[in-house]
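The listed protein sequences derive, respectively, from chains A and B. For what it's worth, the working numbering labels the leading residue of the first sequence as 1, then goes sequentially. For what it's worth, the working numbering labels the leading residue of the second sequence as 1, then goes sequentially.
The hints are simulated quantities; they were obtained by calculation from the structure and are not laboratory data. Treat the numbers as computed from the prediction; the structure is a model and nothing was measured. Mixed in with the good hints, there may be bad ones.
[Unchecked claim] Residues on chain B that point at chain A, a partial pick, calculated with CB under 7 Å:
no., residue
1, 21
2, 25
3, 28
4, 32
5, 36
6, 42
7, 49
8, 53
9, 126
10, 154
11, 183
12, 184
For each residue, glycine too, the CB sits at the ideal point set by N, CA and C.
Here is what each chain is made of, one letter per residue.
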Amino acid sequence: MNHISMSHIDKDQLVLFYYGESAEAEAIESHLSVCEFCRSQFRALQLVLNTVDSVSVPERPADYGHAIWKRIEPRLAVRHRRPMRLWWIWAPAVAALLLGAFLAGSLWQRAGAPGVAKNQNNQQIRERILLVAVGDHLERSQMVLAELDNAPDGKGKLDISGERRMAQDLLDDNRLYRQTARTTGDNSMASVLDDLERVLLEIAHSPSEISSQQLNDLREQIESRGLLFKVRVLGSEARDSETHSMQAKPGPEKDRNSKKL
Amino acid sequence: MEAEASGAVERARSGDNEAFRLLVEQYGRAIFRLAYRMTGNEEDAEDVVQETFLKAYRQIDRYEARASFSTWLHCIASNCALDLMRKRKTRERSRLRSPDPDRDVLGSIPTPTPGPDRELYSSQISASIHTALDELSGQERTAFILRHFEGLSIEEIGLALGTGTNATKHSIFRAVQKLRRSLEPLVSSAR
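Chain A extracted, bound-state conformation (with noise of 0.2 Å):
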């Protein structure tokens, strides 16, 4: 009762009273009854409060959680269809053979050997499996930036020592990429994989345990040139192109979602 034993009710009661959670309803609703005060100020509060419950919100179709399924899906199948570890451990070894193959390739094709026809379906082949790995990578790049950039802010240290294993694996692959895309004349992949490679070059040498102000520091560098957008758009452009290079040869019928996307 300590609330009410005066003269009128405390506003912050009136606001738990409202919310049905006021330890002290009973009493306050006798109050209400009998003071014309305390009863038009439980009257104002009602009317800002039901006021604001006026925002409308656009409504969303009921198969709305659905198309969210299929925009995140892909991003999701990554982690669990691959055990991580073994991943981490192959990675560098996959992409150097993959830089190997795919630079042979090309010289092969260069020098005019014969088979043209042949040819050309092996480039396409290898031209698949690097734009599988450089999505894959982008993907896992992307990760380890937004874990960073979705970190929550706190006081005290944050642990970061996973992203820094993650970006310290990430490097070796960034090079070879961002070689590759040197040498195929690909400037705008090359660049980013440029900008890539200084974060996690940075992410890499950080302690494994960083201030909030170490954090932040770390954000800027990602957001400054909008890497983490930029990550996703190459990422989703190299999964695109590996989509088309798939649907240029006949195949199983798509999945009738994929429209959506």
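Place chain B on chain A using the hints.
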């Protein structure tokens, strides 16, 4: 809803993507509503919804049943929305400082769009409510929206946000006080 979700949550925790899909389908619209109320515009709300589910997927191992899955998800969504709003402010500040077109990769963030202009008054009210909500601190806004629109109890909010019941209660009191200050002149003039 929660009973159905709990089975899916358990399966999703053990790596069943199909179960996670069910959760996304079940909570997608509710999370959009919360995200829209937090950010005040559709594009940002869409980003928040996507980010929320990606985060939930990555962190589902950390979900503890002390709060309901729905509460946990709402809490993630609120944090994603606050992060986005914080970044939006940083971007806007840096754009003002140095108008470098290269920095503006994400493009301009649209301002809240009121509905069809059928009633001038209701669109004024709507804009005023968005402005009033914008003036709340992150914690006040989150606590208020979760209590007022999502119907979570103060105790649940305190638990989910890790702020405790008392701090949550005071955030809501401050939020209501600020909203009253901003909106009372408008609503009382209309009576």
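Against the structure, the hints come out as follows:
1. Given the 7 Å rule on beta carbons, the hint for residue 21 (chain B) holds: about 5 Å separates it from the nearest Cβ of chain A.
2. The restraint placing residue 25 (chain B) at the interface with chain A holds, with a minimum CB-CB distance near 3 Å, inside the 7 Å limit.
3. Residue-level restraint check for residue 28 (chain B) holds (minimum Cβ-Cβ distance to chain A is 3 Å; threshold 7 Å).
4. With a least beta-carbon distance of about 5 Å to chain A, the hint placing residue 32 (chain B) at the interface is held under the 7 Å criterion.
5. Of the supplied interface hints, the one on residue 36 (chain B) holds, with its beta-carbon coming within about 5 Å of a beta-carbon of chain A, less than 7 Å.
6. The interface hint given for residue 42 (chain B) is met, as the beta carbon of that residue sits about 6 Å from the closest beta carbon of chain A, less than 7 Å.
7. The interface hint given for residue 49 (chain B) holds, since its Cβ lies 6 Å from the closest Cβ of chain A, which is under the 7 Å cut-off.
8. Against a cut-off of 7 Å between C-beta atoms, the interface hint on residue 53 (chain B) holds, since the closest Cβ of chain A lies about 5 Å away.
9. Checking residue 126 (chain B) against chain A by beta carbon gives a least distance of about 6 Å; that is within 7 Å, so the hint holds.
10. Hint on residue 154 (chain B) holds. Least Cβ distance to chain A is approximately 6 Å, under the 7 Å limit.
11. Among the interface hints, the one on residue 183 (chain B) holds; its C-beta lies about 5 Å from the nearest C-beta in chain A, closer than the 7 Å criterion.
12. Restraint check, residue 184 (chain B) versus chain A: the minimum CB separation of about 6 Å is within 7 Å; hint holds.
Violated hints are absent here; each numbered hint is respected by the structure.
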